[in-house]
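In order, the protein sequences belong to chains H and B.
Okay, so the first sequence: first residue is -17 according to our numbering, each after it adds one.
Okay, so the second sequence: first residue is 7 according to our numbering, each after it adds one.
A portion of the hints provided could be inaccurate.
Derived, one-sided and incomplete: chain B residues facing chain H with beta-carbon distance under 10 Å [what the hints assert, rightly or not]:
no., residue
1, VAL39
2, ASP53
3, VAL55
4, ASN101
5, ILE113
6, ASN119
7, ASN122
8, ALA123
9, SER167
10, VAL174
11, TYR287
12, ARG313
13, HIS417
14, ASN519
15, GLU538
Residues from chain H that keep clear of chain B, each with C-beta distances beyond 12 Å, as calculated [unchecked claim]:
no., residue
16, THR93
17, GLY165
18, ASN224
19, THR423
20, LYS478
21, ALA785
For the record, the hints were derived by calculation from the structure and aren't laboratory data.
A virtual CB, placed ideally from N, CA and C, is assigned to each residue, including glycine.
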Amino acid sequence: MRKLISNGIKMFFFLNIVFIYAQTSVRGVVTDAETGTPLPGVNVIIQGTSTGVSTDFDGNYQINAESGQTLEFSFLGFETQAIAVSSDQLNVSLAPSTNFLDEIVVTGYGTQTRREVTGSIVSIGSASIEKIATGSGVDAIKGQVSGVDITSGGGRPGQNPVVRVRGRRSISASNDPLYVIDGIPQTSSTGDGAIFDINPQDIESMEILKDAAATAIYGSRGANGVILISTKRGRTGATKINYSGYYGITSVTNIPDMMNGEEYAAGRREAFRQDENSRYSYAGTIPNDEAVFLGDAAQLESIRTGRSFDYLDAVLNQGFQNSHQLSANGGSENTQYNVSLGYFKEDGIIDQMDFERVTGRLNLDHRINDTFKFGISMLLSNSVNNWGSSAVMSEALSNIPIGKPYADDGSINFFAFNDGIRTNPLSELVPGAYVDERISTRFFAPVYLQINLMDGLQFTSTFGPDMRFRRRGEFRDRFTNDNRGGPADAEVENKKEFGFTLENLITYDTEIGPGNLKVTLLQSIQEFSSEFSKAEVQNLPYSSQLWYNIGTAEVKGNLSSGLSEWQLQSYMGRLNYNIDGKYLFQASLRADGSSRLAEGNKWAYFPGVSLGWRVLEDFAPDSATFDEFKLRASYGEVGNTAIDPYQTQGALARTVYAWNETPAFGYRLNDIPNPNLGWEISKTIDVGFDYSLLDGRISGAFDYYVTNTTDLLLARNLPYTSGYTSVFQNVGATKTSGVEFNVNATVVETDKFAWDLNLNVSGYSEKIVELALKDASGNPVDDTGNNWFIGQPIRVFFDYTKAGIWQSNEAAQAAAVQGTDPGQIKLADINGDGKITPADRSVIGTDVPDYFGGITNTFTYGNFDLSAFFYFRQGHMIRSSFHQGNANGQFRYNHLDVDYWTPTNPTNEYPRPNFTQERPENGSTLEYFDGSYVKLRNVTLGYNFESEAASKFGMTSLRAYVQGQNLWFSSEYDTFDPEVGEATLGSGTTPSSKLIAFGIRAAF
Amino acid sequence: MKKYTFKSILVLLGITVFLSCENYLDENNIADVSAGSYYTTSQGLEDAVKATYGIMKEFYGTELGFSMNVFGTDTYTNGADGSHKYLNWYNNQHNSSANYFRDTWRIMYRGVNQANAVLNRAESIEGMDQATLTTRLAEVRFLRALYYFNLVRYYGNVHLSLEETEGVETEANRTSAQEVYAQAIIPDLEYAVSNLPSSQSDYGRVTKAAAEFLLAKVHLTAPQGSPAQTVSLMTNVINNYGFSLLDDWSDLWDINNEENSEVVWTVINSKQQVDEGLDGYGHRGHLYFLFEYDKRPGMTRDTENGRPWKRFRPTDHLLGLWDRTKDARYDKGYKHVWYANNPIPGQQIGDTALYIPGPGVDRNGVNQDAKWTQVNKDAVLYQVYTTDQYNQVIFPSLNKWIDNTRPNRQHTQGQRDFILMRLADAYLIRAEAHLKQGNAAQAAEDLNVIRRRGAWDGEEASMEITAAEVDIDFILDERARELVGEGHRWFDLVRTNKLVERVKAHNLDATNNIQPYHVLRPIPLDQIDRTEGGYEQNPGYTQ
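Isolated chain H (complex conformation) (with noise of 0.2 Å):
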């Protein structure tokens, strides 16, 4: 282990070193024994002397030595060789080392073997990638890294994650983490959807940086962390085919418990209960049916004959996925390539919700010869992505089981039942009825020229457009919850980006005092535009043409159009050193300047500092049960401008108004200019470990961490006075503290039988510091208006609590504390002055979990292999909207199957049905759930043919398995899957579904 890492440092020493001795000339080639490649830049020295060389780029050495002495072969990233001379010819093929403090790790502008990082990086390679069955490469990596919180918003194919890496720092700006695709930060965000282009099958590594230090060479950007994608290249050799794909079936996981008929009827007529003078009252009598059901024949009749309709039932239906991808890969000595065309289609478990995707990627590199290199990695992608109608879900939720879905001849019922706002969610499903089509189309391909200037200094210039269209059509006929029988109305977007990023690099690499040091350097500029128009109009004539004639529409109706436009120049300097592999050191600085801020304030730097001390090296060089013990610490700072461009100017707002029917549009104050927007600051410091045992059998990471964000970029609203909302300042400030924890272990390992266990957990804690609001003595004061509380994590929920329901005895208590009535909601007297007043709202929870992570066991016996991967996420609240809109006591619409108060059932679970309330008093407390829940994401069984197997197909290797995602899940929250993103679950939200699916691997 030693000789390997003094061997790596020597390897560098000897690069210059001409030829002494005027010996037997020794020469051959060195290969990569697993792909045949040559290797240039090996290693090749006389044991026990400093004579050596090294390869060339063909991989051919030539050295003086003398017969009987020992030749070493060395070259990061492999097995270490020591042959003794025999011959004046020696071709070597090296192995790749299997040793994980070998492997390569991307860092940004530049690589690392994971022996010599300093910061918090995580790299997910892709075999953990490609093993699960979805169309996004960051859905794919979901609960596999230590401090990356990954959530779905929702079920619908096509819809995007949310990640967050340790957590949020920022109020009002992004929270989303940086995206780096081949050397290229990307323009558009995750949000936009833009990581949904790439095909995960592509993918050769994510890493994911993660402390500031780490990220600090990603400057302005890298507050939230960065996501690095590196997809895959070519290798010299003879063409690889590659094929796989999968096709799975879904369904959903779990939906809400609605009333049936029977239950529906009874509450409906509670809610109707009425006092002699026709007021709704809990000391009333209930109606007859009549006036309970205000005469709609549909209700009636269908309580006389017990008919009762299960809309969830009808509208949700088997989904599927489909994936296929076919790839070459190969090349010469000079040129390689890796081609791949991939196909996605998911059907959503709703009708009319579905997304299809098709890439194709050529990554190319070509040596013309020692100076110059060149290369491009391409994608070409399009995808159309239906998002069906929301209100399939809502209305299905709403509609009430006693009405009359279908008209006797069969045909569906538009209004099931007499209301002019329940529409049946059967006619949305009506191919044609409800159009909603969002095609883009991305082009994606950074090009680049490296130059080897001399040993050890190299140039590389690198340009990457990136372009996106857009196309939004949306139509709605008239039989759609949106015009509910009025006329059919369409609107069609497009929208066109445009980012390139420019970059030149120099690194140069070389020994100096007792160590190595790398430099590279930086200049960049990168520069986005976005545009978009649209128009929208009502009253279309036919319905066959959607958006495509607008033309003919009667009423015309909005017309928009815009653009929007930044620029990003940068520096940046890295310092790289390391004494004999021991000490580790690392500094950079970079200096960002964006358009968006304010003149004076566009300029800032970014400084971070690593250390990493690998502490085996100097007390138990020889240790026969420890490999790795490196101590990491690290400061850095980094920024976010994740703010819209224009913001310090203050813009104008139109206004409409008319003399007569001549348009007099207006231009209103709308935000208050801000010459002092600058940047908002986050400096992290981490401490870590890595650590490794037993020949990496046991490996993991440990990192703690403290992020002081401020200057926070905060809509800070002001008093209505001034004629203003809000304006953006740079005030407040956060602090996010955490910790992450993972283990990588090969728990059993015979001949026959292995047995690896991975596990990460996280946790953080996130606190607002400082807000606008100062007291009289300046220290900082809540905004309850903001739901802000100083000590508290940014999103928080400040409500009453409920206590019960007021029973039929506790009248005059009721009316005394509270002011209401018996059937109530009873709330908490927090403050115990006996009265309920706004003091007696807390923060009764936040959305910041205790802790989340992954566990993932693998058992391999002989060439079946078993993974089962289970996600937790523990400890945080979540706001159920179905107890808002589905549980309102009002019983207009269907309600959620709840124990709710009656006079005779004085239970302290739900208040008293009423049907003049759109919302029972206080009807938020009933809306608050602990939001744990553990998930079994993922069970695959494998099966690998033996090669002997694989070839009578004609195939290198086959591999066949089958796939079970989110079979199981086990939460406190059992209306729905609890998963919701940062949002709140809503009504209309598509619910998750369970996959189970089959697929093939299969090498050419």
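With the hints as your guide, set chain B onto chain H.
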């Protein structure tokens, strides 16, 4: 080779440096304009003036604007639906956290600041002729007065500023209502009266008559106001501009007759703008006063009959105000018959489906409640709703704002103009000023002008009243009969110091809750929280 190498590097670096020249980070906002550059041009100033008008739309004609003035009074209480019933109930939700008090406050101050911006920036305008500029400034001063007039009437003592807010302003003053009248409202309106033309080429711009009308009302309301001024200003309005009452009261509500001789000044809604969704506000009064006809036998919702949101339900007191044998205004203002559009067995489309005969003795002397016994009701195929059946979903439905020209039945923005000033109100205000001066005879004369017009043909003489019958309660009742649903009531009751008395007496849903301090709305909690050093709450409110 070396030469080649360095050349190529120079080229690459050169490209980058060229692209990142000195002004590279300058921001050039092409799509939008900012006040700093735009308001300095004459076109920009005209647009800033139009915006001062446009802000009114956020209030007048919306649910907010109606809710603040229609219910919580003696004439209207709440229907079944809506989330703002606290305005009617004066209960524990009628507090400083309530949305509608916040929104009203915010909109009025947005208007004030917009007006201040125009007035402050006018000096540096180039290329605008002085006459036009003076007219525009007079319009804007009128609008600022209107925004402040609303503020002091709702909230009492308020923040007063005559300067545009520049930069982050977190302080606010509390100026007495009397001072706001003295420093802003009265001088602004006097300026407007002196500088506005009698007519404007753009229909909807403020005129001299409108300014006189508003100033007349201010003099009736402000503590320092003079009823004599009210009389003289309203006399100008009545005599000097060619306004006249329409012969038939119901012609006022004809949607094709909006621009008529009785209108002094309105907030304009354009049919094209509301239909096409360019205007997100419009006149929404058609939604709120309708009973739940659409769930009744024989009926389904359609554009003709409207979209019933059931917000406002008339009180028994209101329904008893009209003598239907003489006064035509109940029958012309409320809908009686709904014709089947979703027939039940035995019905044809167009047959009578629902019938609300209305209160008391009708024009023909028939007591409808007595006539429609259960037996008689059962004998007809249609539904008859008599007064004993009125509740939160069944009640007489005001017809004034019905808008069957909306592009479809779901469309919320109606095209009607929101009438802020009409001639009948000028007579009623002058009557009130006469009475305040002790001149009941003159007051009766003005009231009789209105009453004669509201009579059934041939009943004009019997509608007339004598000076002895005139008192403030009579005037309030007459205002209710004439102006019901037009958004004046809450102000009328507060101005005449009758809010608490009348609400207690006539609004069963509020009677147990209303307190003397409810004559002012609470200062919004957000204003208090966000103001440096806090902001004083109105008396009586706990927070």
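Results for each hint:
1. Contact between B/VAL39 and chain H, as hinted, is supported at the beta carbon level, the nearest pair being about 6 Å apart and thus within 10 Å.
2. Contact between B/ASP53 and chain H, as hinted, is supported at the beta carbon level, the nearest pair being about 5 Å apart and thus within 10 Å.
3. The beta carbon of B/VAL55 comes within 7 Å of a beta carbon in chain H, closer than 10 Å, and the hint placing it at the interface holds.
4. The criterion of a C-beta within 10 Å of any C-beta in chain H is met by B/ASN101, whose closest approach is roughly 8 Å, and the hint holds.
5. The interface hint given for B/ILE113 is met, as the beta carbon of that residue sits about 9 Å from the closest beta carbon of chain H, less than 10 Å.
6. Look at B/ASN119: its Cβ gets to within about 2 Å of chain H, closer than 10 Å, so that hint holds up.
7. The criterion of a C-beta within 10 Å of any C-beta in chain H is met by B/ASN122, whose closest approach is roughly 8 Å, and the hint holds.
8. Restraint check, B/ALA123 versus chain H: the minimum CB separation of about 6 Å is within 10 Å; hint holds.
9. About 7 Å separates the beta-carbon of B/SER167 from the nearest beta-carbon of chain H, less than 10 Å, and the hint is met.
10. At about 6 Å, the closest approach between the beta carbon of B/VAL174 and any beta carbon in chain H falls short of 10 Å, and the interface hint on this residue holds.
11. Below 10 Å, beta-carbon pairs count as interface contacts, and B/TYR287 has one with chain H at about 8 Å; its hint therefore holds.
12. Contact between B/ARG313 and chain H, as hinted, is supported at the beta carbon level, the nearest pair being about 7 Å apart and thus within 10 Å.
13. With a least beta-carbon distance of about 7 Å to chain H, the hint placing B/HIS417 at the interface is held under the 10 Å criterion.
14. The interface hint given for B/ASN519 holds, since its Cβ lies 9 Å from the closest Cβ of chain H, which is under the 10 Å cut-off.
15. Interface restraint check: B/GLU538 against chain H, minimum CB-CB distance 8 Å, threshold 10 Å, status holds.
16. With a closest Cβ-Cβ approach of about 22 Å to chain B, H/THR93 is found to remain outside the 12 Å limit, as its non-interface label requires.
17. With a closest Cβ-Cβ approach of about 16 Å to chain B, H/GLY165 is found to remain outside the 12 Å limit, as its non-interface label requires.
18. Against the 12 Å criterion, H/ASN224 stays outside the reach of chain B, whose nearest CB is about 36 Å from its own CB.
19. The non-interface label for H/THR423 is consistent with chain B: the shortest C-beta to C-beta separation is roughly 24 Å, beyond 12 Å.
20. Every CB of chain B is more than 12 Å from the CB of H/LYS478 (nearest about 14 Å), matching its label as outside the interface.
21. Non-interface status of H/ALA785 relative to chain B is upheld: no Cβ of that chain comes within 12 Å, the nearest being about 17 Å off.
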